[in-house]
Amino acid sequence: MVKMLKAGFYTSIQDLGRFHHRSQGIPVSGAMDSYAVTHLNKLLENEENAAVLEITITGPTLEFTEDTYIAFGGAEFDVQLNGIPVKDHKIHKIGKGDVLSYGTLIKGYRGYLAIKGGFKTDEILGSRSWFKPVTTKGSFLKNDKIPYTPETLFSPLLSEVTLKSHLLDKELTVYKGPEFDQLSAEQQGRLFSKGFTIAKENNRMAYQLNELLEAHQLSMLTSATLPGTVQLTPAGKLIILMKDGQTTGGYTRALQLSEESIHILAQKKTGDTITFKLI
Amino acid sequence: MYKYPVSIKQFGEKAIIIEWPHYVEEAILNDILQFSTSLKANYLKNNNFELVTAYNSLTLIFYDTNFNFNKTKDFLLGCYKNEEQQILFKNSVWKIPVCYDEEFGVDLLEVAQKLRMTPKQVIKNHTSTTYTVYGIGFLPGFMYLGGLSKEMEVPRREVPRLKVLKGAVGLASKQTGIYPQESPGGWNIIGNCPFPLFDAKVEIPIFVSVGDKIQFYAISKSEYDLLKIEIEIGIFTTKNMLANG
Numbered sequence: 001m002v003k004m005l006k007a008g009f010y011t012s013i014q015d016l017g018r019f020h021h022r023s024q025g026i027p028v029s030g031a032m033d034s035y036a037v038t039h040l041n042k043l044l045e046n047e048e049n050a051a052v053l054e055i056t057i058t059g060p061t062l063e064f065t066e067d068t069y070i071a072f073g074g075a076e077f078d079v080q081l082n083g084i085p086v087k088d089h090k091i092h093k094i095g096k097g098d099v100l101s102y103g104t105l106i107k108g109y110r111g112y113l114a115i116k117g118g119f120k121t122d123e124i125l126g127s128r129s130w131f132k133p134v135t136t137k138g139s140f141l142k143n144d145k146i147p148y149t150p151e152t153l154f155s156p157l158l159s160e161v162t163l164k165s166h167l168l169d170k171e172l173t174v175y176k177g178p179e180f181d182q183l184s185a186e187q188q189g190r191l192f193s194k195g196f197t198i199a200k201e202n203n204r205m206a207y208q209l210n211e212l213l214e215a216h217q218l219s220m221l222t223s224a225t226l227p228g229t230v231q232l233t234p235a236g237k238l239i240i241l242m243k244d245g246q247t248t249g250g251y252t253r254a255l256q257l258s259e260e261s262i263h264i265l266a267q268k269k270t271g272d273t274i275t276f277k278l279i
Numbered sequence: 001m002y003k004y005p006v007s008i009k010q011f012g013e014k015a016i017i018i019e020w021p022h023y024v025e026e027a028i029l030n031d032i033l034q035f036s037t038s039l040k041a042n043y044l045k046n047n048n049f050e051l052v053t054a055y056n057s058l059t060l061i062f063y064d065t066n067f068n069f070n071k072t073k074d075f076l077l078g079c080y081k082n083e084e085q086q087i088l089f090k091n092s093v094w095k096i097p098v099c100y101d102e103e104f105g106v107d108l109l110e111v112a113q114k115l116r117m118t119p120k121q122v123i124k125n126h127t128s129t130t131y132t133v134y135g136i137g138f139l140p141g142f143m144y145l146g147g148l149s150k151e152m153e154v155p156r157r158e159v160p161r162l163k164v165l166k167g168a169v170g171l172a173s174k175q176t177g178i179y180p181q182e183s184p185g186g187w188n189i190i191g192n193c194p195f196p197l198f199d200a201k202v203e204i205p206i207f208v209s210v211g212d213k214i215q216f217y218a219i220s221k222s223e224y225d226l227l228k229i230e231i232e233i234g235i236f237t238t239k240n241m242l243a244n245g
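Chains A and B supply the protein sequences, listed in that same order.
Reading the first sequence from the start, the letters are residues 1 to 279 in my numbering.
Reading the second sequence from the start, the letters are residues 1 to 245 in my numbering.
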């Protein structure tokens, strides 16, 4: 078990997502920055879809009750193991009673903690990713416990990796959205001429942008949306749907982010700047 | 033969959207459902994709790493062209209980006044229409229902409620629907459905599919309370609501 001595701002269990249920209105969910998760699971020689902890801005303090191996990455935090600073993207051996504590956030927004074999919370509809009301909880509270299978004899092929970091990238590569051609020349031009800043309304469902486009009266019938769909409201507001975003929507779909851009955006916080670039 | 002119667009890295003419029409919805049923049965036999149908569009999301837009587009157009005019998909008709008691129908009186009807007439109209499910989304299990009669159109509340009960049955302009879980909302609430529209604990968490028909029937508060218990212990199930078994 892992005991949550402190839960952090918004800590949840995520894997790569819950697929094949969109037609029932169930969002995909899963790690916002799946690039980070995939590499941590590879390092620990886990299954691709092993469940990890997603940590947002303020991380947790965790106590382990059994032996295991962990690796953490994604956003850069000051992390200590029993009071001693430890490195990211590196395998750390954990013993009974060890305490891992997240300190200051240095770079990025969402960190990930992977464990040998993955966290063993309940799998619901093919995924362990937390999303209320599909799962009973949305994020951890103090004193919550997380099950895992103890491991004492793991000899990893690699003990650490160096990754190309996307934490400071600002450019989001995009495709034209299904309604892009209905936008005015001015609206289309503004999307690519200058940058945008992230509004305070940003979470696992969607990221809103501060700068407005020209208002419009385009209307459409409700249709599918995906993680990374950039919606344009009649008032000119841009909303980028993320992993917990709704599966259908009625707002004009201006752009669609590439998979890589979703990982980049997942590491952005209120006030950060991004630009769009057409593929 | 193409039954309708369709347009096919790329939707990001791995998805394709096929759009039918932009109308809310049952014939269009049925053509889409027939095509998607045929795709699943005849062409896309692996499980490497998923489909989302809503109103006039069909979105296909592929999990194949070597997804190629142009190839897939030609392939889908070919499938649609060769489509035979046989009805493959079968829809269900659901009779869903709703309690319009004032305890739940908090806006019923106001709605009736706005519509120049009595509350009884509102209930009668609401329960005598057969609705079509044009889409499922917004919240897990939320149905976009079409077919509300014109005299029942009432605007959204000016100030949305921070908390609308799970199961709340609402009206908002051309739409009627059920909140599958507690959430903020601006619809006018006229009743409550005791049966959960979304249950993550069962294999198919939502019993309704796009294309199905919905009819509501009125139950009293005491029937509502009894049904709640029967649903809880499993005496009253989705089978009790299926009208065209």
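These aren't lab readings, by the way, just hints derived from the structure by calculation.
All figures in this text were calculated on a predicted structure; none of them were measured in a lab.
Keep in mind that a hint or two might mislead.
Said to hold, decoys possible - Below, a list of computed lysine-lysine pairs in the DSS-like style, where the Cα atoms sit at most 30 angstroms apart: (1) Lys-71(B) to Lys-277(A); (2) Lys-132(A) to Lys-239(B); (3) Lys-42(A) to Lys-239(B); (4) Lys-176(A) to Lys-71(B).
What the hints assert, rightly or not - Facing chain A, according to a computed beta carbon distance under 8 angstroms, are these residues of chain B, among others: (5) Asn-56; (6) Phe-89; (7) Asn-91; (8) Gly-146; (9) Ile-206.
Where a beta carbon is used, it is the ideal one built from N, C-alpha and C, also for glycine.
Against the structure, the hints come out as follows:
no. : hint                     : result
1   : Lys-71(B) to Lys-277(A)  : 25 angstroms, holds
2   : Lys-132(A) to Lys-239(B) : 27 angstroms, holds
3   : Lys-42(A) to Lys-239(B)  : 46 angstroms, violated
4   : Lys-176(A) to Lys-71(B)  : 19 angstroms, holds
5   : Asn-56                   : 5 angstroms, holds
6   : Phe-89                   : 13 angstroms, violated
7   : Asn-91                   : 14 angstroms, violated
8   : Gly-146                  : 10 angstroms, violated
9   : Ile-206                  : 4 angstroms, holds
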